[in-house]
Amino acid sequence: MEKLSPDWTEATRLWTAHRQHWITKYRSDRLFRFFCLASIVFLIVVLSAIVLFVSKTGLLVFRDVSPWEFFFSSRWDPEHHRYGAAVFITGTLYVTFVTLLMATPISILTAVFIAEMAPPRLQQWLRTLLDLLVGIPSIVYGYLGATLLVPWIRKLTGAPVGDGILAAAIVLSMMILPTITRITDDALCAVPNEWREANYALGGTKIEMIAKVLLPAAKSGIAAAVILGMARALGETMAVVMVIGNVAQWGFDLITPSSVLTSHIVMQILNVDFHSTANHALYMMALLLLFISISLIMMIRRLRLKGGSSS
Amino acid sequence: MKRSTLWKRVISAVLSSTLLLGAALATEHRADAAEVSGKIVIAGSTALLPLTQQAAKEFKKSHPKVKIVVSGSSSIAGPQSVTKGVATIGACDWDATKAVGGFPAYKGLKAYKIAKIPFAVIVNKDNPVSNLSVEQIQDIYEGKIKNWKQLGGKNEEIVVINRAKGSGTRVNFEDKIMDGHTIKTTGDNYKEVQKSGDMVNAVASNPNAIGFVDLAYVKGGIKAVSINGVKATTANAQSGKYIFYGYGYLLTKGEAKGADKAFIDYILSKKFQNGSLKKLKFIPVK
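Residue numbers (my numbering), protein chains in the order written: chain A, 35 to 345; chain B, 0 to 285.
In short, the hints are calculated from the structure, not lab data.
Because the structure is a prediction, the values reported are computed rather than measured.
Using N, Cα and C, we set each Cβ at its ideal position, and we do this for glycine too.
The reader is advised that the hints may include incorrect statements.
Said to hold, decoys possible - Here are the computed lysine-lysine pairs in the BS3-like style, where the Cα-Cα straight-line distance is at most 30 Å:
1) B:K230 x B:K260
2) B:K83 x B:K109
3) A:K189 x B:K256
4) B:K277 x B:K56
5) B:K56 x B:K240
6) B:K240 x B:K222
7) B:K153 x B:K112
8) B:K240 x B:K285
9) B:K252 x B:K60
10) B:K285 x B:K269
11) A:K189 x B:K194
12) B:K183 x B:K148
13) A:K90 x B:K106
14) B:K256 x B:K66
15) B:K109 x B:K218
16) B:K145 x A:K189
17) B:K222 x B:K60
18) A:K90 x B:K83
19) A:K90 x B:K252
20) B:K153 x B:K260
21) B:K285 x B:K64
22) B:K60 x B:K112
23) B:K183 x B:K153
24) A:K189 x B:K278
25) B:K256 x B:K218
26) B:K148 x A:K189
27) A:K189 x B:K285
28) B:K56 x B:K115
29) B:K124 x A:K189
30) A:K189 x B:K222
31) B:K230 x B:K106
32) A:K189 x B:K218
Stated by the list, open to error - According to the in silico footprint, chain B covers these stretches of chain A (three or more CB under 8 Å from chain B):
33) 66-74
34) 189-200
35) 215-229
As the list claims (entries may be wrong) - Some chain A residues judged to face chain B by a derived CB distance under 7 Å, without partners named:
36) E242
37) M301
38) L304
39) N305
40) F308
Starting from the given sequences, assemble the full structure and let the hints guide the process.
Next comes the structure, spelled out in structure tokens:
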């Protein structure tokens, strides 16, 4: 009789334990969600604080300087209240363009070699090497550029100084080459092997396979690689400031000392009075840099989406 | 196996964070104890940095209860940080209580002249030119003289190197050498560098370059030229025969008080002025 009657205390204990178990689980679940949310809120707050502060200080420049002068005048001469930033804006776009012109083809060919032609041992070795190269601090590239590359350019072109867009673009190419190569390599490896085999089955050669199957199939990945390289080239400061010459003048012939947004900001920011127009102009240039890199990235992301849907 | 490595990681992470925490707490504690007896924060000129650092080291020995933080970024940061209250003493290569070199006069600051700083006009060590007149240097920087041949050197284009606007050394160069003449800041033979060390590298690596820097930086691949026939030495700058020199200043908000005053007094003392200050190639003001 006694044995058959249900053991209420035991049942209650079990039930409570069960409940407690789930409560704790839910609680930790909620806690985890809270931490995730807090992280993202923190990130958003920090990022918007940066944008807000930079734009707040930067836009003050237009109290003293007309937007027309700031964007289209090439005369940067704070002593005579001339704050034209056209040289730096054009310089940034120009350096990035020349850099990509040099780095993209070399990177893609290197990636094709690694992904398609290199024997496995060499493949492993090259990938490790490239991963190491990505991690080299930019100041090292800048130093090598200033001590080896610039004298070499001087000898080769007969330029008196040797600093300029060419030196900056070569240094930046060296810096972004591993980045573009590695990501392109990954994109190429993601192309299914059947596609390669289909090409051979149809009698295609290796070159045809690479040019007509592999590269078109991997184009969105390659675009991503180029964006990342471009973003690094655009924002790079230390390596550029060491080899560009830092003069507020046009450098279209590639070997005249010139200046870009990043290098100009870092050259001047410590040397200006905080409440001066020059300081506001530098912040405006930083905002512009932010804007240029965001819009370039958006542009290529859209390009990528289009490419992704068509393939 | 996997679990054991995980545990090892967890344990090492916990241990290292405990250590870090301990270290952080320890320094915190020390800072608290020192704050009671005063704290000096020095910011500003990098040219004066060796001087303020040495003075801080010696001052700490005689005043163990005072905590001193010394940093250097640029001359203009000196008066700015003191005005903002970030630093108690600002170091600057010019008298920031007056408007100099395109910078405003900082009101409410008190300037203490602490040292005479000799500067040098420098060329590559392989350059045969060893003497320039002030007019010749002005002409080079104005872009009127373009070839070393015009100055008795090789037939090579002169490469003019300048510091960024706002550099204390440049302010003194414009004041003492250019004397109202404007530097031509464009051309394919002109470039600007950020710091004194960059200036030295730029001139050392280009055989046709000319630049200017603190005398203390002259060594290795560069040489100082004589100006108006007077050799660039501390002795000549002290006597005033050599004209390219400036003064280093310490700035405080109002009159210096407490620990700040004791520190400035120490720098101005005969012992420091004729001892360490001289050894660092600065010239005593007293």
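The hints, checked one at a time:
Between the alpha carbons of K230 (chain B) and K260 (chain B) the distance comes to roughly 37 Å, so the proposed pair goes past 30 Å and is violated. For the hint linking K83 (chain B) to K109 (chain B), the alpha-carbon distance of about 14 Å falls within 30 Å, and the restraint holds. With a C-alpha separation of about 58 Å, the suggested pairing of K189 (chain A) with K256 (chain B) is violated against the 30 Å cut-off. Distance check on the hinted pair: K277 (chain B) and K56 (chain B) sit about 16 Å apart at the alpha-carbon level, within 30 Å; holds.
Distance restraint check for K56 (chain B) and K240 (chain B): the Cα-Cα separation of roughly 33 Å exceeds the 30 Å cut-off, and the hinted pair is therefore not satisfied. Restraint check for K240 (chain B) and K222 (chain B): the C-alpha separation of about 19 Å stays at or below 30 Å, so the hint holds. Straight-line distance between C-alpha atoms of K153 (chain B) and K112 (chain B) comes to about 42 Å, which puts the hinted pair past the 30 Å bound. Restraint check for K240 (chain B) and K285 (chain B): satisfied, since their Cα atoms lie roughly 18 Å apart, inside the 30 Å limit.
Pair hint K252 (chain B) plus K60 (chain B) holds up; C-alpha atoms about 26 Å apart against a cutoff of 30 Å. The straight-line distance between the Cα atoms of K285 (chain B) and K269 (chain B) is roughly 7 Å, inside the 30 Å bound, and the hint therefore holds. The hinted pair formed by K189 (chain A) and K194 (chain B) meets the criterion: a straight-line CA distance of about 26 Å does not exceed 30 Å. Restraint check: the Cα-Cα separation between K183 (chain B) and K148 (chain B) comes to about 20 Å, which is no more than 30 Å; the hinted pair holds.
Restraint check for K90 (chain A) and K106 (chain B): satisfied, since their Cα atoms lie roughly 26 Å apart, inside the 30 Å limit. For a cut-off of 30 Å, the pair hint linking K256 (chain B) to K66 (chain B) stands: about 15 Å separates their Cα positions. Simply put, K109 (chain B) and K218 (chain B) have alpha-carbon atoms about 35 Å apart, too far for the 30 Å limit, and the pair is violated. Distance hint between K145 (chain B) and K189 (chain A) is fulfilled; the C-alpha atoms sit about 19 Å from each other, no more than 30 Å.
Taking the CA atoms of K222 (chain B) and K60 (chain B), the gap is about 37 Å. The hint is violated against a cut of 30 Å. For the given pair, K90 (chain A) sits about 20 Å from K83 (chain B) by alpha-carbon distance, which is consistent with the 30 Å threshold. Straight-line distance between C-alpha atoms of K90 (chain A) and K252 (chain B) comes to about 29 Å, which keeps the hinted pair within the 30 Å bound. A C-alpha spacing of about 53 Å is found between K153 (chain B) and K260 (chain B), which places the hinted pair above 30 Å, so the restraint is violated.
A threshold of 30 Å between alpha carbons decides the hint, and for K285 (chain B) with K64 (chain B) the separation of about 28 Å falls inside it, so the pair holds. In summary, the hint linking K60 (chain B) to K112 (chain B) is supported, as the alpha carbons are separated by about 24 Å, within the 30 Å threshold. A distance of roughly 22 Å separates the Cα atoms of K183 (chain B) and K153 (chain B); the hinted pair therefore holds under the 30 Å criterion. For the proposed pair K189 (chain A) and K278 (chain B), the alpha carbon gap of about 41 Å is over 30 Å, so the pair is violated.
Note on K256 (chain B) and K218 (chain B): the hinted pairing is violated, with a Cα-Cα distance of about 39 Å set against a maximum of 30 Å. Taking the CA atoms of K148 (chain B) and K189 (chain A), the gap is about 20 Å. The hint holds against a cut of 30 Å. For the suggested pair K189 (chain A) and K285 (chain B), the alpha carbons sit about 50 Å apart, so the restraint of at most 30 Å is broken. For the proposed pair K56 (chain B) and K115 (chain B), the alpha carbon gap of about 21 Å is at most 30 Å, so the pair holds.
The straight-line distance between the Cα atoms of K124 (chain B) and K189 (chain A) is roughly 19 Å, inside the 30 Å bound, and the hint therefore holds. Using a Cα cut-off of 30 Å, the hinted pair K189 (chain A) and K222 (chain B) holds, with the two alpha carbons roughly 23 Å apart. Distance restraint check for K230 (chain B) and K106 (chain B): the Cα-Cα separation of roughly 38 Å exceeds the 30 Å cut-off, and the hinted pair is therefore not satisfied. For the hint linking K189 (chain A) to K218 (chain B), the alpha-carbon distance of about 25 Å falls within 30 Å, and the restraint holds.
A stretch counts as covered by a chain when three or more of its residues have a beta carbon under 8 Å from one of that chain; for the segment 66-74 of chain A and chain B the count is 0, and the coverage is violated. A count of 5 residues in the segment 189-200 of chain A with a Cβ less than 8 Å from any Cβ of chain B is obtained; the coverage claim is therefore met, three being the minimum. For the segment 215-229 of chain A, the proposed coverage by chain B is not satisfied: 0 residues have a C-beta within less than 8 Å of a C-beta in that chain, short of the threshold of three. Taking 7 Å as the C-beta cut-off, the interface hint given for E242 (chain A) is violated, the closest approach to chain B being about 46 Å.
Hint status for M301 (chain A) relative to chain B: holds, with the closest Cβ pair at about 5 Å, below 7 Å. Evaluation of the L304 (chain A) hint against chain B yields a held restraint, the C-beta minimum of about 4 Å falling below 7 Å. Restraint check, N305 (chain A) versus chain B: the minimum CB separation of about 3 Å is within 7 Å; hint holds. Interface restraint check for F308 (chain A): the shortest CB-CB distance to chain B comes to about 6 Å, inside 7 Å, so the restraint holds.
In the structure shown, a violation is registered for the earlier hints numbered 1, 3, 5, 7, 15, 17, 20, 24, 25, 27, 31, 33, 35 and 36, in ascending order.
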